[in-house]
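Engineer: Using the sequences and the accompanying hints, generate a full structural model.
Letter by letter, the chains look like this.
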Amino acid sequence: MSILLIAEHDGRTLGEASRRAASAARQLGEGYDVLVIGGPGCVGVADAAAGLDGAVQVLLCEDDAYADDLAEPVAERIATLVRDGGYDGVVAAGTSTGKDVMPRVAGLLDVAMVSDAVAVENGRTFIRPIYAGNALARVRCEDVVRVVTVRTSAFDSVAEADTAAPCERLSAGDHPPLSRFVDESLSAGDGPDLANARVVISGGRGLGGAEAFDMLRELAAELGAAVGASRAAVDAGYIANDCQVGQTGKIVAPELYLAVGISGAIQHLAGMKDSRVIAAINRDEEAPIFQVADYALVGDLFEAVPQLLDALRTRQ
Amino acid sequence: MTAYFAPVRELRFVIEELIGLDRVAALPGLEEATPDVVEAVLEEAARLAGEVWSPLNRSGDEAGCRLDETGVHAPAGFREAYQAFVEGGWNGIAADPDWGGQGLPELLACATQEVWNSANMALALCPLLTAGAVLALERHGSDSLKQRFLAPLVSGEWPGTMNLTEPQAGSDLSAINTRAVPEGDHYRITGQKLFITWGDHDMTENIVHLVLARTPDAEAGNRGISMFLVPHRFVDDAGRPGERNDVRCVALEHKLGIHASPTCLLSFGDDGGAVGYLVGEPGRGLHQMFTMMNEARHKVGVQAVGVCERAYQQARDYARERVQGRRPGGSRPAAIIHHPDVRRMLMTMRAGTEAMRALGMLAAAEMDVARRAPDNGDAAAAERRVALLTPLIKGTATELGHELTSLGVQVHGGMGYVEETGAAQYLRDARITTIYEGTTGIQAQDFTLRRVLRDGGETLSAVLDEAEADAAALAERDALAVEGKALRAALDGLRRSTVHLLEHGGEAALAGATPYLMQAGFVLGGWQMGRAAVLADRALEADTPERAFYEAKRATAVFYMRHFLPRADAFGHGVTDDNGATLFLAEEQF
Amino acid sequence: MKVLVTAKRVVDHNVRVRVRPDGSGVDTASVKMSMNPFDEIAVEAAVRLREAGQADEVVVVSIGEKAVTDVIRTALALGADRGIHVDTDAELQPPAVSRALAELAVRETPDLILMGKQAIDDDSNQTAQMLAGRLGWGQGTFACGIEPADGEVIVAREVDGGTRRVALRLPAVVTADLRLNEPRYVKLPDIMKAKRKPLEAMSLADLGVAGDAGLTLLGVSEPPGREPGVRVADAAELAARLRDEAQVI
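Residue numbers (the numbering used here), protein chains in the order written: chain D, 1 to 316; chain U, 1 to 590; chain E, 1 to 249.
Hints are computed from structural coordinates only; laboratory data are not their basis. Glycine residues also receive a C-beta, built at the ideal position from the N, C-alpha and C atoms.
Straight-line C-alpha distance at most 16 angstroms; calculated EDC-like pairs for lysine to aspartate or glutamate:
id, chain 1, residue 1, chain 2, residue 2
1, E, 32, U, 39
2, E, 32, U, 43
3, E, 195, U, 36
4, E, 195, U, 31
5, U, 485, U, 470
6, E, 187, U, 43
7, D, 250, E, 160
8, E, 193, U, 32
9, E, 193, U, 39
10, E, 66, U, 36
11, E, 197, U, 32
12, D, 250, E, 177
13, E, 195, U, 32
14, E, 195, E, 70
What follows is a list of derived Cβ distance ranges for each label pair:
id, chain 1, residue 1, chain 2, residue 2, range
15, U, 97, E, 151, 41 to 49 angstroms
16, U, 321, E, 233, 19 to 27 angstroms
17, U, 577, E, 25, 56 to 64 angstroms
18, E, 196, U, 328, 56 to 64 angstroms
19, E, 151, U, 548, 47 to 55 angstroms
20, U, 97, D, 209, 45 to 53 angstroms
21, U, 183, D, 209, 51 to 59 angstroms
22, E, 89, U, 548, 18 to 26 angstroms
23, U, 97, D, 241, 39 to 47 angstroms
24, U, 325, D, 13, 55 to 63 angstroms
25, U, 331, D, 224, 40 to 48 angstroms
26, U, 331, D, 285, 16 to 24 angstroms
27, U, 378, E, 108, 46 to 54 angstroms
Structural biologist: Listed below in structure tokens is the structure:
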């Protein structure tokens, strides 16, 4: 079976997400090819991709048409490659790009798709969360070509290969001008992005106001963490709504999730319960957040957070 | 405080199956009340109530209202929540389309009233009183008053208030001495009115006060009282509110509950007299006020049901979460909902709430018939039933409201006594419902003397005939034969109490009035639960896909028959076997 | 501009779904159903375009059994002009849904198709992109802003780490993300008006579309529960355990 992995990159570096998606690709078949598609200047990404353990070859397709990650040309080129190359599996990380492009690829190929796989049972059978992670579906892909995005937090990164895979250049396709890039504004914050952060510190209504979030930001800076919030805190206007973690906000699964002053409404739990380690600070020992927490600190967060900060600083 | 989810499926069951939407939708003007409309209306009310009104319930209770030199300020968020209600067209749900209402059945309106009251009882009081003002103005107001005030009252843009009580005139309104002196096309009103709910606030641009006052040459007592409409702010020819009339809130009461609802001491005429307009005929004020009073009594009963539902949801959610002790025979720690006594409390809350809800909705459906039945005889019969059921619901549902919200606290254990959980608020809020719009004692007197004894028990007897047929139908169901017999026995007991009162009358009737009211409320609640059990049993027999719902319905009815009907019997003994005990002591022996 | 907006009927987002004991799926019998929240945002966006004079007709479509007309009525009460119910008892997957919608798009010739970014039941997040691919139209997924311009629509998209704006040539497919707008509450009079708005019914076969079998559901299970946690005495212990035991900081 030949598998094609779509590399996630920003034109310069290969995303960590791709290294994790590569694990899934390996589980789908013996080896996999990596497609690096983007604007001119992606050679560095291709070099990195060549070092992914299990990569058979790297295909580099550089063209202005692909510089802006527009789904229409990218998906069309991928679909053509899959048909021409006789691939029977296409895998990408479930990033915002993967989620944008891959279903379009499936549509062009007229096949079904598996979104957000959290486990690969065999070449055709996958586990994926449904109902915001409140249930897991086991699905078998019956189509000739399997199109899959994976939830990267569920897979480990592949190791670095001993020898680099060979790289081949592909020509660009001829794509109708369906869309064009206008501009973008990426969050200026120094800290990592909420969706990809290794550590997330979230605050809830227990913080009582916008000022208390500064305390969490300080702690986040110390840990290299992103700051998130419960819906209650967002609704109360303590913090911007793009920080919301939960069923209707962002779904995160960091290594460590620290919930501060969050009671743990179901809709919030749905957004973070797959985190590897969960710690919670709350005054109410009955708070539902403690039912999912690995470490529970019952107490006043206004005392505990500064103490935690002290403890972290003195040990380093 | 847990989130509130309106019991839409249950409300639809009561409307569509138990009371019968067909019967109501067959009335002239109500053709649009089809099941899909009922469902959509309930879903949307549930949404606004759950997402906007309910989150303010606790914060409003904590913050309370504030009075300063500019007037009364409602708690944060209330203005927006009320405006969303007005803009959504909810205030005029059952009002006449000619005045901007939606013309939907009272039956459906009653269900939505419960939902608003569950979400936020303090805020729901505002439209509760407006509804009464709409009715009084519609029935008794002159065309010119209607033209100026009815549409904004129907929409809720300008809420209405009821100004009856004065320091010396509480349950006995004949003692009112607020003055109304004629001056051109209007009157000048002077005096103080006590306990005026939502008497002043900043949620809307204007408020319409309906005020009872005496004209200078009026006779003493009830017949000297007239009704006046006093706008809080003067209204120009284009209908825009402007300068404030000579009425202001001079004090806010500090109350046990409903903290977010301002209870005002209103002073009229500190600067020479508030301008007021006569509503209806001079000297008929008290009579006219009772039009709105009766409506309001029914609504207070429904309000109690609403608070009970909310308290039940809170207690149930807590009982599912709180882990304490072990299941009987179990070894692992268990959520307290697994403890039989907690089950008993939850079942009591659930069964009592369902029974009172059904009675309240039954009365609402009778209001629709009374208002719209083409046949005068049908309308008059329905009117008599409304009059019979109104004090019954007001009295019984509110007394149960107190009991069931108290059980809600009990389920929480120590945490229930702590304000944080929100359980205590429902108990404090519900406490007023047995008092305002006429205490339980007043309801009992009205029910016993005016609704039963005055027509020799005829209206009640007709209801009991119907209930007996339903009890027989219940007894015919294999699984419910015992309950059918129990219901029949309870109906017989109510007849015995009625006969006893008809034979004895006088002081004995007054001493037995409240037990009699409670007996009647519990028994007729059982009548509706019995009917629900039959419907549920049939649905289960027909292999309904909603098995869980109907099983719960039937089981709750069974619980009611076994736990509430014996209490009805006990109340009955209070009526028939008092033997002078209540009135035996002389005053000085107390 | 004519807007076609889609609405799926799903288990209400407040319902805690339970997996059936036999693992064949989740229990949806007598569970409250509602319009998919992201679709509601899409409907709101469409209605706002109409109110701003940028769209002159909003058509709402839902696919499924008779009961889905509930969500169509809700969309009509929110302000859509007419509804289309594509009747089928089959549980369709995104490929078949996108085929049916593509066929409808050919018939209705909308300038813009607005959809929720994903349905909260299967969480697939596929149908709109598949549809756009089939039609050969531009796509603007995860929209947090929509501005129609001359022959185009400028879509602000939520992407990892920020927002990015793209201009799509019309006709195009756009999917709504959470922050695109806050849907209004339905007004009581509009519920009554919605009853009188046209609602056309057609079968899936009328559109020449069959069901699909690309994915076979083998079973549904509960997600694994977490091991019970430990209670720590103070912040110092928490820091120590996170560092030494869990090794996450």
